[in-house]
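**Q** Based on the sequences and whatever the hints tell you, model everything.
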Amino acid sequence: MDVLYTAEAVSTGEGRNGHVTAGDYIDLDVAVPQAMGGSGAGTNPEQLFAAGYAACFHSALHAVARGHKVKLTDSSVGGRVQIGPNGQGGYQLAVLLEVVLPGIEAQLAQQLADEAHQVCPYSNATRGNIEVTVTVSED
Numbered sequence: 008m009d010v011l012y013t014a015e016a017v018s019t020g021e022g023r024n025g026h027v028t029a030g031d032y033i034d035l036d037v038a039v040p041q042a043m044g045g046s047g048a049g050t051n052p053e054q055l056f057a058a059g060y061a062a063c064f065h066s067a068l069h070a071v072a073r074g075h076k077v078k079l080t081d082s083s084v085g086g087r088v089q090i091g092p093n094g095q096g097g098y099q100l101a102v103l104l105e106v107v108l109p110g111i112e113a114q115l116a117q118q119l120a121d122e123a124h125q126v127c128p129y130s131n132a133t134r135g136n137i138e139v140t141v142t143v144s145e146d
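Here the sequence shown is numbered in the numbering used here, starting from 8 and rising by one per residue.
In short, the hints are calculated from the structure, not lab data. Just so you know, these numbers come straight off a predicted model, no measurement behind them. Hints are not guaranteed to be accurate.
[As the list claims (entries may be wrong)] The following label-pair restraints were derived from C-beta to C-beta distances:
#1 Ser-46 x Gly-74: 43 to 51 Å
#2 Asp-121 x Tyr-98: 26 to 34 Å
#3 Val-17 x Ser-66: 20 to 28 Å
The C-beta atom is built at its ideal place from N, Cα and C for all residues, glycine as well.
**A** Structural data, given as structure tokens:
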């Protein structure tokens, strides 16, 4: 692979609570969510993954739309990352992405979302590893 960019992050701390830094903009306390028995006194890795995936997918969506000469206005991608037991003593993730493309006909919106799912680096990294559901909705 020809590397275009490298992101770096550092996680420190003990057990269920810690701290992450990445570049000049991310400097966060992290904690296990209350739903999983933690304090919830900070963001958690699943929230960071949801934010990263949604942002990456949104960027891929715009790139695909430009390729089709379609202008997207007020578009959004919502990301939900779910975590649960994998039945083997560990955990697994699932991702739900909700694409909203106001003013774009439903069939074209679905086509753009499907194509973005093929080019998004997060989609390519997770394909075959975790369940990812991409839904196009009107709002």
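**Q** Each hint: holds or not?
**A** Hints, verified against the model:
1. Ser-46 x Gly-74: 43 to 51 Å: Check passed, 45 Å falls within 43 to 51 Å.
2. Asp-121 x Tyr-98: 26 to 34 Å: Since the Cβ atoms of Asp-121 and Tyr-98 sit about 28 Å apart, the hinted range of 26 to 34 Å holds.
3. Val-17 x Ser-66: 20 to 28 Å: holds (24 Å)
Hint compliance for this structure: every hint is met.
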